[in-house]
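Hints in hand, dock the two standalone chains.
The lines below spell out each chain.
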Amino acid sequence: MEPRIGFRNTKSAIFKGVVIFFAFAVTIPLIIVLLYIIKQGIGQVNWTFLTHIPAPAGEKGGGIINALAGSFILVMVASVIAIPLGILAGIYLSENPRTKLAYYSGLCVDILQGIPSIVVGIVFYLWLVKPFHSFSALSGAIALAVMMLPIVIRATEQTLLLLPPSLKEAALSLGVPYHRVILKVIVPCGFSGILSGITLSIARVIGETAPLLFTAFGSMFLSTSLVKPIESLPHIIYNYATSPYDDWHDLAWGASFILLVFVLTLNIVTKVITRKWKIQL
Amino acid sequence: MENKRAQLSDQQLKWETFFKWLLIGASAILVLVIIGVIVTLIKESMLSIKSLGFGFLWGKVWDPVQNIYGAYPFLIGTLLTSFTALIISVPFSYAIAVYLGEYNPKGWLSDLLKNIIDLIAAVPSIIYGFWGIFVLVPLVRQLETKFHILPYGVGIFTASIVLAVMIIPYGASLGVTLIRMVPSPLKEGAYALGATRFEVIRKVIMPYTRSGLFAGVLLSLGRALGETMAVTMLIGNTSAVPTSIFAPGNTMASVIANEFVEADHAEYLSALIELGLVLLLVTVVINLIGKRIISRATNH
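Listed in order, the protein sequences are those of chains A and B. Counting along the first sequence from 1, when you hit position 4 you're at 4 in the working numbering, and nothing is skipped either side. Heads up, the working numbering is the position in the second sequence plus 281, with the first residue counted as 1.
Isolated chain B, as found in the complex (with noise of 0.2 Å):
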């Protein structure tokens, strides 16, 4: 009985060793597959890297049949269609931040353009780029042809306007909640001296989390920096350097998706491989900022 007994709880200690184990060994792997896309990646990229150097980022030619890697282009691509997307969608983010976090936080109204905000987050970017393609695509070129521009109707523009839909919930969400953690007898105080509400949210609210939804402005970015799919249906592939934002270009995720099964050279696929490094630095400096923003907004 006694043996019986001390046998058990051997058993159990084991086990409990070896959970410990597994617990330890589950959160370690993602430090390996995050170290581990990190060296494949500049390990990959080094072939270009070498033969190009920083000339990689200002070279303003690409074309794989010559060999010649330049990424300025799709650089120039990628800010024009983020930037632009941002610029559209801080306007909206910012109301709904302020609608759902000040003028109206409960009842049925609020919690159904919630629940729409969580809709636009999770519509697949596939879904919208097809929609985009036959609706948003031809509403463009129209517009195009009325202000004499060529009308391709694909482009930065289209793109941007598209990224910029699919970003709102971003800033929204988070903009939501830091407008309610801002504290009440600040408020209060500034209603007693007579303040309207607008003067609440302007001189109250808004220097209050204005870190935090700067923060949530970073998140947007870096959410439209990696978007590939939406994006590289209907920025229109050319590997130009765009020379408005209703022209055709390239964004550094959308040459990536359209070329790299193509790539039937080591050089190629390097280059190719170094656009993805940069993009992965790029946005996971944007991302760890952010996070640091609003970490520190939030524990105050």
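Only chain A is shown next, with the shape it has when bound in the complex (with noise of 0.2 Å):
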């Protein structure tokens, strides 16, 4: 004998409750988090932070342009690696899901996203790094690009996907060639979504540190030379915050509320292209 209907649905609505409680709960440590780092941050944003290299310990002011050029460095050479190379692996994908190369680079894939970041920063030490005996920018890009590797596969593949056969059977009736078909055709039907995936691996690695940590390591100057170490700004958060010093706190944390503005508005963009497409990232 069931128990009577007040009694179950007075369950019913308590787990209702308790559900809702725990899904909005999450919000609260965001919140918090982000709160804590804008109110610690803003502050230290200035001219000064923006176009200077780090004062050393113990003297006031001081910037992070070293950082901000490293970073900006590394996801540049990364997106030229991976970009290109994760386009033509996911239109290959797409296009030839039943091959065997298409199996396993797809199982590839799926493995390239499980990996710890801190291995990846082990290989590529390994590879770039200790070959050369000295830490380098490339490295730390080439890095980073395999981070950004399976995101953009996935989404080019994904987009690719979605777009309906006919469009090519039409190209392809006309007489155009393949790579034109896919080049001119597929890919900037699927132009938006590609690019939300390629937004969102830039977001992903703008604040990865550790595979930097082996490779690109980390530099007190402003360097521009892609076979010597260089800063970033995850990496000189780590340092700073990691510091005995105030002084470097307070650099750390304009360094977290920079970080934080270019992840927040990569997501954003990343938001509003894929808006269009139903493509789950």
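No lab work stands behind these hints, which were simulated from the structure alone. It is possible that some hints are incorrect.
DSS-like, lysine-lysine: derived pairs with alpha carbons at most 30 Å apart [what the hints assert, rightly or not]:
#, chain 1, residue 1, chain 2, residue 2
1, A, K39, B, K572
2, B, K572, B, K387
3, B, K324, A, K184
4, A, K39, B, K427
5, B, K484, B, K427
6, B, K468, A, K11
7, A, K271, B, K324
8, B, K484, A, K228
Below, the structure is given as structure tokens:
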């Protein structure tokens, strides 16, 4: 005999209350973290902060231009490598879903998505730092490119799979060669979906620290050379946050605020672009 | 005229072949990278594997100065942090999945919650770590003083809390998709028999999505195991076997992050690389199992 309906309804209502409580409770830590970073960081940001290199420990002032420039260079080089490669691999996966190569590279994308970023750091240290006996911006950028790849590939693949096959068939039946069909018809049609994958992958790697620890390493000076160590936003935060000096903490708060602004902007841009495409990233 | 056209199509044909090979090459590079990663890690950790054997995983002492390498403290540290974080995060991610999947799938409120969850995933781990050092650590220290535990502040518990927040989105977003895929005739049938909302969720939706939700938990676990920066900043970094969840410790990822650059002799470096290899294998296996379960669950 089931309990009375009044009791069951109460139970249902209580459960709903609990679910709503837990579901919305997660907004609390996010809001606390965001507000705290904004509170601590926004006061640090001024012209000097954006255009100077860090002051030595114990001295007031100084900025993070080395980290800003470094992050920009790292992300640019990583994008130049990862975007074309990712789009090409994505096209292959969506065009030839049943081949053996597609199976294995799909598997590799899954593996790549789950690889701990610190392991990527180790591997690129062994490949590109140890043989040349020097930390370098290039090794860091390539490590970041590897972290970007799975996102770009999946976004491209899923967007292209959503396109109607008639599009490709129509173009092919007009006698257009295969590569032109892909590059001039299919890719432009799925452009915004692919673009959202690109912005998302940049947002993901711009805050990555672990792959850079043993590759780009960090530097106190403004450097634009690809073969020398280079500073980056997340790395400067890590270094200064774990230092014992208050002035450096202040620099780190400012850097965190700027990093947060970058990441949130990129995510919002991605959101706006994906509104058109119902792909899961 | 005829000749020129033939030449043109010849050229196009060449381009076409080239393009096809380009696509194949791009996908093949992926496979090569993964094989390369695994081969490199195995090769470089050979020194440590040979000299330490399986004892590496059970050795309780990690003392690079004496050249003694035992990964047991880090294994325990990793498992403790990850599972504590998982236990904290699961109720939240399930609640989000049920709320967005069943109670309120559309409308501005659910859009808002969804965006908030995406933001939680978007905030870099270094920022969570930094915030943790200055806000959470003092709080935990106060709590520990109140309960008469050694007030380290940093430690496995502190790292787990931050980790829990960071992994909530992974379980949640997958859960939402799966709960929305429950066929409505099933739910309608249950309602028609007089079931309440709670009973429908418990007796129809939960059994139907059980394996998928479990896969979500696995994927969150994979994330938690490999998470480096926030944990490194909050766990306290001691190489002793942790005595309680409030004690400071180290995870596999945090040891690597802390000591890799300082590793001054070959055996030390090799031992750290072997830690990386173990970490890689564990996370990859967990991830692949999770993905397999999901693709099976979503194909029905």
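Inset, instruction - Please work out if A:K39 and B:K427 have their alpha carbons no farther apart than 30 Å. - result: 29 Å, holds
Inset, instruction - Below or equal to 30 Å on CA atoms is what counts here, so check B:K468 against A:K11. - result: 18 Å, holds
Legend entry - Pair hint A:K39 and B:K572, alpha-carbon separation not exceeding 30 Å: 40 Å, violated
Legend entry - Holds or violated: B:K484 to B:K427, with C-alpha atoms at most 30 Å apart: At roughly 43 Å apart (the allowed maximum being 30 Å), B:K427 and B:K484 break the hint.
Legend entry - Hinted pair B:K484 and A:K228, Cα distance within 30 Å: 61 Å, violated
Legend entry - Agreement of B:K324 and A:K184 with the hint, judged by alpha carbon distance not exceeding 30 Å: The given pair, whose Cα atoms are some 45 Å apart, is violated under the 30 Å limit.
Inset, instruction - Assess, step by step, whether the Cα of B:K572 is no farther than 30 Å from the Cα of B:K387, and give holds or violated. - result: Holds: B:K572 and B:K387 sit about 27 Å apart, inside 30 Å.
Legend entry - Restraint status (C-alpha distance of A:K271 to B:K324 at most 30 Å): Outside the cut-off at roughly 43 Å; violated.
The structure shown violates the earlier hints numbered 1, 3, 5, 7 and 8.
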